[in-house]
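Colleague: Read top to bottom, the protein sequences are chains A and B. 84 is the number that the working numbering gives to position 84 of the first sequence; each next residue is one higher, with no gaps. 498 is the number that the working numbering gives to position 160 of the second sequence; each next residue is one higher, with no gaps.
Straight line, CA to CA, 16 Å or less: simulated EDC-like cross-link-like pairs of lysine to aspartate or glutamate:
id, chain 1, residue 1, chain 2, residue 2
1, A, 12, A, 217
2, B, 354, A, 134
3, B, 580, B, 749
4, B, 354, A, 135
5, B, 580, A, 89
6, B, 594, A, 59
7, B, 579, A, 89
8, B, 354, A, 138
Partner residues aside, some chain A positions facing chain B, computed with beta carbon under 7 Å:
id, residue
9, 80
10, 89
11, 91
12, 95
13, 107
14, 108
FYI, nobody ran anything at the bench for these hints, they're computed from the structure. All C-beta atoms, glycine included, are put in the ideal place defined by N, C-alpha and C.
Read off the chains here:
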Amino acid sequence: MKKMNEMILEVKDLRKQYGSREVVKGINFSVMAGEIFGLLGPNGAGKTQTISMLTGVVEPSGGTAVIGGYDIRKRMNQVKKINGLVPQDLALYPTLSARTNLNFFGRIYGLRGKALKERVEDVLRVVALTDRADDPVENYSGGMKRRINIAAGLVHHPRLLFLDEPTVGVDPQSRNHIFESVMRLNRERGMSIVYTSHYMEEVELLCHRVAIIDNGEIIALDTVKNLIAMLGGGVIHVGLNQVDEALLARIRALPGVAQASLTTRPAPPPANGGEAADTLTIAPTHPLVKVEARHSQTALINLISFLNEQEIPLVSLEILEPNLENVFLHLTGKKLRE
Amino acid sequence: MNILSIAFKDLLIFFKDRGSALQLFVLPLVFIFVFSGLGNVGASETAVTRLPAVDLDEGGTAVALLQKIDAAGGVKTELMAQSDAQTQLAAGQIDWLLTIPAGFSDDVAANQPTALRLTSHPDADEAARETALLVIDGAAQELTLQAQILTSLQMMAEMQGSTPGPQVFTTEVIQAQAQSQFEAAAARPLISINQTAPGRPDAETAAPAPFSGPNVTVPGFTVLFVFLAAGATALSIYNEKKIGSFRRLLAAPISKAELLLGKMLPTFFIALIQVGVIFLIGVFLMPLLGMEGLTLGEDPLAVLLIVVVMALCAAGLGVLIAAFAHTEGQIGGGSAALLWLMGALGGAFFPTFLLEGFLGQAGKAVPHYWAGKALYGVLARGQRLPDVATELAVLLGFTALFWLVGVWRFDFD
Chain A
1 MKKMNEMILE VKDLRKQYGS REVVKGINFS VMAGEIFGLL GPNGAGKTQT
51 ISMLTGVVEP SGGTAVIGGY DIRKRMNQVK KINGLVPQDL ALYPTLSART
101 NLNFFGRIYG LRGKALKERV EDVLRVVALT DRADDPVENY SGGMKRRINI
151 AAGLVHHPRL LFLDEPTVGV DPQSRNHIFE SVMRLNRERG MSIVYTSHYM
201 EEVELLCHRV AIIDNGEIIA LDTVKNLIAM LGGGVIHVGL NQVDEALLAR
251 IRALPGVAQA SLTTRPAPPP ANGGEAADTL TIAPTHPLVK VEARHSQTAL
301 INLISFLNEQ EIPLVSLEIL EPNLENVFLH LTGKKLRE
Chain B
339 MNILSIAFKD LLIFFKDRGS ALQLFVLPLV FIFVFSGLGN VGASETAVTR
389 LPAVDLDEGG TAVALLQKID AAGGVKTELM AQSDAQTQLA AGQIDWLLTI
439 PAGFSDDVAA NQPTALRLTS HPDADEAARE TALLVIDGAA QELTLQAQIL
489 TSLQMMAEMQ GSTPGPQVFT TEVIQAQAQS QFEAAAARPL ISINQTAPGR
539 PDAETAAPAP FSGPNVTVPG FTVLFVFLAA GATALSIYNE KKIGSFRRLL
589 AAPISKAELL LGKMLPTFFI ALIQVGVIFL IGVFLMPLLG MEGLTLGEDP
639 LAVLLIVVVM ALCAAGLGVL IAAFAHTEGQ IGGGSAALLW LMGALGGAFF
689 PTFLLEGFLG QAGKAVPHYW AGKALYGVLA RGQRLPDVAT ELAVLLGFTA
739 LFWLVGVWRF DFD
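With these hints in hand, go ahead and build the complete structure from the sequences.
Modeller: In C-alpha cells, the structure reads:
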C-alpha cells in the first residue's frame with residue numbers, strides 16, 4: 001500500500017434530499033491517498049447516493065466534498081478526471097465487444113490512439129479477459145461481465161476509484177478474482193478506492209477503514225479492528241419472560257459481563273438462513289437483554305448458571321461473534337442484509 | 339469529440355440491431371414501392387376538388403376548357419359571378435378562383451397567347467391547389483394543341499385551295515407540320531396560367547415539375563420514416579439509463595449538453611442515410627425496375643436543407659419523447675403509435691386536403707405536415723428554396739421547441 005499521508009477525498013456535511021425525504025443526512029468522512037475505504041450498510045442506507053454525489057452523477061442538496069484538491073460543487077469537471085466509477089449495474093453495451101466498450105469509455109476520458117490501445121490492453125490484463133476481449137459482452141458469464149464492468153472504470157487510470165457493490169450476483173471464483181484485482185490495484189498502483197458493500201466479509205478483507213452507514217447517516221467510522229473491538233468480547237442476546245432493572249443490575253455484576261440492557265429485537269434472519277450461521281435463535285418473541293461481554297465464554301457460562309440458580313427460564317439465546325455484521329447489529333439493532 | 343464518440347458508439351449499436359435497420363431502411367422502401375404503383379389510381383378516383391370559376395369570355399373555347407377540366411376528374415368547376423367570387427375569395431369562403439379572361443376564345447382561335455388566372459386565398463391548401471393547377475394545365479395544353487393544329491390545317495387548306503395544280507401537301511409535309519405544332523405547343527404554351535393571391539400582381543407562370551408517382555409518395559413516406567427514427571433516440575436513451583451506462587457517462591468528464599447531443603446525433607445521421615438511400619433507390623433503381631423514377635426537382639440545395647432540418651427536428655423530438663416517456667412500453671408502444679399518427683395527420687399517407695374540419699387543420703400542428711409540404715413542393719411542384727422558406731421556418735421552430743422542452747424536462751437523475 002502507498003504511504004497514506006495525503007488526503008484524496010474529504011466529505012463535508014454532504015446531504016441529498018428528494019422532496020421532504022433526506023436520503024443522505026450530512027455525512028463527514030475522509031479517504032487518504034492509497035487507502036481502501038469501505039462504506040458498509042444495508043440496501044437503501046445511502047451508499048450509492050453518496051457515491052453518486054461524489055462522482056457527479058447527482059447534485060448534492062447541501063454540503064460538499066473535496067477530491068484531489070478540487071471542490072465537487074465548483075470544479076466537478078476536474079474531479080471527474082480523477083474519479084473512476086464502477087456502478088452497481090453492469091453498465092456495458094451488451095451487443096458490443098469488451099474491447100469496443102473499453103475503447104468507448106477510454107475515448108470519453110480523452111484517450112486516443114496508442115495511449116488508448118495500451119490502456120485497454122492493460123485493463124484487460126488486470127481483469128484477465130484479454131483472450132475474450134473481442135466477444136460481445138452479452139455472451140459473457142455474470143462474473144466476466146462484472147470484471148469488464150470494473151475494467152471500464154479503470155481504463156483512464158483514475159486516482160480514486162469508486163466501486164459500488166462490485167460483487168453483487170457474482171460466483172465465488174469471480175468474486176475472488178475481483179478481490180485480487182482490487183488489492184493489486186491498490187498495492188501496485190497506489191490507487192485509492194472507495195468500496196461499498198453490504199457484505200461485511202468483503203469489507204473486512206479489503207478495507208483499511210470502514211464507515212458504517214444507515215438511514216443516510218454514518219453511525220461508526222474506524223478501522224475494521226477498532227470497530228470490531230467495540231463489541232469487546234462479544235455480545236449475547238438473552239430472551240427472558242420478564243425483565244426488570246433489578247435483574248439487569250444483577251446480570252451486570254456477573255463475571256465477564258461489561259454491560260447489560262434491554263434492547264429492541266433484531267429482525268429475523270433471511271429466509272434462506274445462510275447468513276446467520278453464527279447465531280443460535282430459539283424463540284425471539286420475549287423481552288431481550290443485550291449483554292456486552294468482556295469475554296464471551298466466561299460471561300455465557302456465568303449468565304446461564306445465574307439464570308438456572310434463579311430459576312429464570314431462558315426463552316432465547318443468541319451469541320454475536322465479534323465481526324462487522326454484529327457491530328452493525330449492535331449499533332442499529334438491525335441485520336446488515338435486511 | 340465526446341459527442342462524436344457517443345454518436346459513433348450508438349450507430350454501432352444501431353447497425354447491430356437488424357430489427358431497427360429493417361424498420362428504418364427496408365420498411366420505407368416497401369411503402370414507397372407499393373404506394374408509388376397505386377398513387378395514380380388513387381388520385382384519379384378519390385380526390386375531387388371544388389374549383390370556382392369566372393368566365394369573362396363566355397366563348398366556345400372557354401366552355402370547352404371548363405368541360406375538359408371537369409372531364410379530367412379530380413376537379414369540379416363551379417361557375418360564379420365575378421363580384422360574388424371575389425367577395426367570397428377575399429373572405430376566405432372559397433380557397434381559389436379560376437378566371438377566364440374576356441377575349442380568351444378569340445385569342446385561342448387567332449393563335450394568340452393568352453393567360454388564365456388562378457387566384458388563391460393565402461390560407462388555401464397547397465396540395466389541393468396543386469391538384470387543380472395540374473388539371474387546368476393539362477386541359478389548357480390539350481386546347482392549345484388542338485387550336486394550333488386546327489389553325490395549321492386551316493392554313494394548309496387555304497394554301498391548297500389557292501394553289502391550282504398538283505397536291506402541295508403530301509403526307510410527309512402534313513406529318514412534319516403536325517410534329518412542328520406539337521413542339522411549338524410544348525415550348526410556348528398558347529394558354530398559360532398566372533397564379534396570384536387576392537390583391538397581388540400576377541406571378542410568373544410556374545411550369546409544374548414532371549409529375550410522377552414517386553414524386554408524390556416519396557415526400558410523405560420519407561417524412562414519416564425520418565420522424566420514426568425519433569423513437570430510436572428515445573429508446574437508446576432509455577436503454578442507456580436502464581443498463582446504468584448513463585450513470586457512468588454522467589460521471590465522465592463530459593457535459594450534460596454533450597451527452598444529449600451525442601445521443602441525438604445518431605438519429606440525425608440515420609435520417610440522412612435513410613433519405614439518401616430512399617432517394618438513390620427512387621432515382622436509379624425504380625426506373626431500372628420499369629417503374630417511374632423519382633426526380634429531385636429544380637433545387638437540390640433546397641432538398642438538402644429540408645432533409646437536414648427535418649433530421650434535426652426528428653432528433654429533437656427523440657429527446658422530447660425520452661424526457662416524457664419513462665418505460666419501455668411508453669417508448670416502444672406509445673410513442674411509436676404517436677409518431678405514426680403524427681405522420682398520418684401530417685399527410686404521409688394521403689393529402690391533407692382529404693381530411694376535413696378539425697383533422698385537416700390538426701395536421702398543421704405536427705412537424706410532419708411542414709416537412710412533407712416543403713419536400714413535396716420541391717420534389718413534385720418544382721419549387722425552389724424561397725418558395726419553401728415558410729415551411730422551413732416552421733420546421734425550425736418545431737425543432738427549437740422540441741429541443742428546449744426536451745432538455746428542460748429531461749431527467750438526468
